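Asker: Assemble chain B onto chain A, guided by the hints.
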Amino acid sequence: MIEIRGLSKAYRGQDGSQVQALADVDLTVRDNEFLTVLGPSGCGKTTMLKMIAGLIPWDEGSIAIDGVEVDGPGPERAMVFQNFALLPWATVLDNVAFGLEMRGVGKAERHERARELVTTVGLAGFETKRPGELSGGMQQRVGLARALAVQPKVLLMDEPFGAVDEQTRRLLQEELLAIWEHNRVTVVFITHSMEEAVLLGDRVVLMSARPGQISEIVDVPLERPRSSDVGGLERSSEYSEITAHLWERLREMHAEHGRVGGIAS
Amino acid sequence: MSAALAPSPSLRTRVERLSGAQASALSLAIGAVLWEIVGRVAQVPFFPPLSEVLVRLGDMVVTGQIVGNLAESLGNLVIGFGVSLTIGLVLGTAMGRYRRVNAMFGIYVYALLTAPSLVFAPIFFSILGSGRGSIVGVVVMYSTFIMIITTASAVENVSPGLVEMGRSYGAGEWRLLTRVILPAAAPSIFTGIRLGVGRAVTGMINGEMFIAVVGLGRIVTQAGKRFDGAGVLAILLVIIVVAVAAVALTQLVDRRITSWVPQTSKDAA
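Chains A and B, in that order, give the protein sequences.
1 is the number of the first residue of the first sequence in the working numbering; add one for each residue after it.
1 is the number of the first residue of the second sequence in the working numbering; add one for each residue after it.
With the rest of the complex left out, here is chain B:
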């Protein structure tokens, strides 16, 4: 009886009660419905409704188009991102810690960060051909510089008091880096790694669209040339899943390593 008498909660309180996961699911559902409606109303070849795209995706999976190319693309992504991460951490740490290194490399890093990375695709193509090397090169050009810069600034901004403490207890440069500076910089470094992952996925697709004879970027170009709108969007869905999964994986690692950061300050960031 009391339930019947209680006023039903307003839309606003209902939204406020949603958990993060529920809110994301709701948002996805709304997006899917909007896509379906707009697709049906618009009737343009390159924006078919979601249902048509999903059917096309099913076909492509069954015919084996997706799996082989996806594996190829993931290979490019993992190698390219691995190289970027290594360069980003090593050079970024050196730039953040040593003024001279910063002076030597900073100008290049900033220039290449702002340069449109795809202009390097033809250069890689002419030197390395249409194989994996070129795609990896493009991925590296896309994702390295942002990670160098965020790592450098993270290392530079480690509290001087902590570094002084480390020195006072006799820490040499290596121990200072591995036991004090890098752990302290880790939360900010991970922000850069997340950005780097996103850019690596973009680099992979763009590189493959320009250069490769296999991979997701290649088949999306082919579908475009065939005016296969549903095919293009089906592959795009796969790419988005790859990107989201890559970022989620990064966050998982981030949480394990920086679990000491209070959750409240993470929310604020």
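If we strip away everything but chain A, and leave its shape as in the complex, we get:
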């Protein structure tokens, strides 16, 4: 369980004014829940995720994972990055094994584990390739395998499919669902796509900008497993209702802020 209480963060903008990135955010992520976080740019969703990851400090409040205060990165959490963040000089296998290597796991053992995960994400046969030889979708599979390799309890995903084309994105969503259905961990998934938030999440956290706050938490009662029939889900009335509601709320937020900036962050 991730408990976020009164989380606040302000930083100085370039013009010297104070920007409230997060203001008094309270959020509880349940064990083995797939939580998606949706919001316009500048709502602090990535900031919040990186705080959970222990990568950036905050001003006030607390984050606890299973009752333990977050104080830097920890072995129970693993992150998947928007721009993949792969080591360009390392092979697919070594990239997947990176987290294990940082934990001091021996070469034979970490390669064996990495090999399994390379297969899980559908990259068998590409073990010795370097990231530069792979498509964006394949690179993010490596990023996902690297995160899963350390067997995290919490998977933190920062707009992981934002940098790939629409068709690849769809395939990756289905595969992520299939992997998660097979191996349920707690997932916090940042996205700027309403469709993606609803397709993947048990709940959608809607955030608003300036200051970054939680505006609403929407339950997604769509049946699981969802991986086998994503197309069918999208034609269901529940799916349409939820996305319509989310769009309405996002539209209000954009109207409030004079339609500056897009929802893409």
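If a hint is listed, it holds; no wrong ones were tucked in.
Ranges of calculated distance between the beta carbons of each label pair, as one might list FRET restraints:
#1 A/Asp26 x B/Leu252: 57 to 65 angstroms
#2 B/Val213 x A/Arg103: 53 to 61 angstroms
#3 B/Leu236 x A/Arg103: 53 to 61 angstroms
#4 A/Arg184 x B/Thr258: 39 to 47 angstroms
#5 A/Arg103 x B/Ile30: 58 to 66 angstroms
#6 B/Arg256 x A/Pro221: 56 to 64 angstroms
Part of the chain A face toward chain B, derived, beta carbon under 8 angstroms:
#7 Ala53
#8 Leu55
#9 Pro75
#10 Met79
#11 Phe81
#12 Asn83
#13 Ala85
#14 Leu87
#15 Pro88
#16 Gly99
#17 Arg103
#18 Arg130
Everything labelled a hint here was simulated from the structure, so no lab data went into it.
Quantities reported herein were computed from a predicted structural model and do not represent experimental measurements.
Note that beta-carbon positions come from the ideal geometry of N, C-alpha and C, so glycine has one too.
Answerer: Positioned in the frame of chain A, the structure of chain B alone reads:
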């Protein structure tokens, strides 16, 4: 028959078809011919034609003048460059990674980079005498600072996303440096090392010309004093070979370590 009918390729297409090695060889051949012609026409004592220089070089090799001095110079070069490389990598990495270290040393490094390095020769001479120590000192003054600065900027410019990724997987500072930052910075660091090698060779010769009683720099000075133009240029040829070989060796190491960089982006750089 068709071969006879085909139009002969223009000079331009012939040049475009040359491989890199062929183009270099062609350029060297043209340079050699020009040197020979200018040398013969000009008839000045300090610019003899290439053929005369090569004959003189042959004499010097046979009499043993080159080999002993070359070995001496290479010793100075290797030790001096080794010291420079160590300082350059360690201090450069620290400056690129830690703001405070940068603030402490940056001012000295930039001052010494722009200062004419040879002014330190008399200082080394007065402290260390005319032996190897002084020459090594001059080589270090010539080649260290450029490597510090390029290493610092290479380390500073490593993608923050990669560093963040490393931290998120629990990498401590040492692993972050050795497994993420330095490999990522390696291609840019090697650019600095190449520049450092070139400057180290210059430093070696200049230092020897000023200080040493042995070495290539010493014998080139002696030849100059004897008005032995062919001798000066013969030694210069040896020095150029040393420099080119040193840079080629660096490139060899560079290619092995940074083979992951796509060749196209290397060409563009």
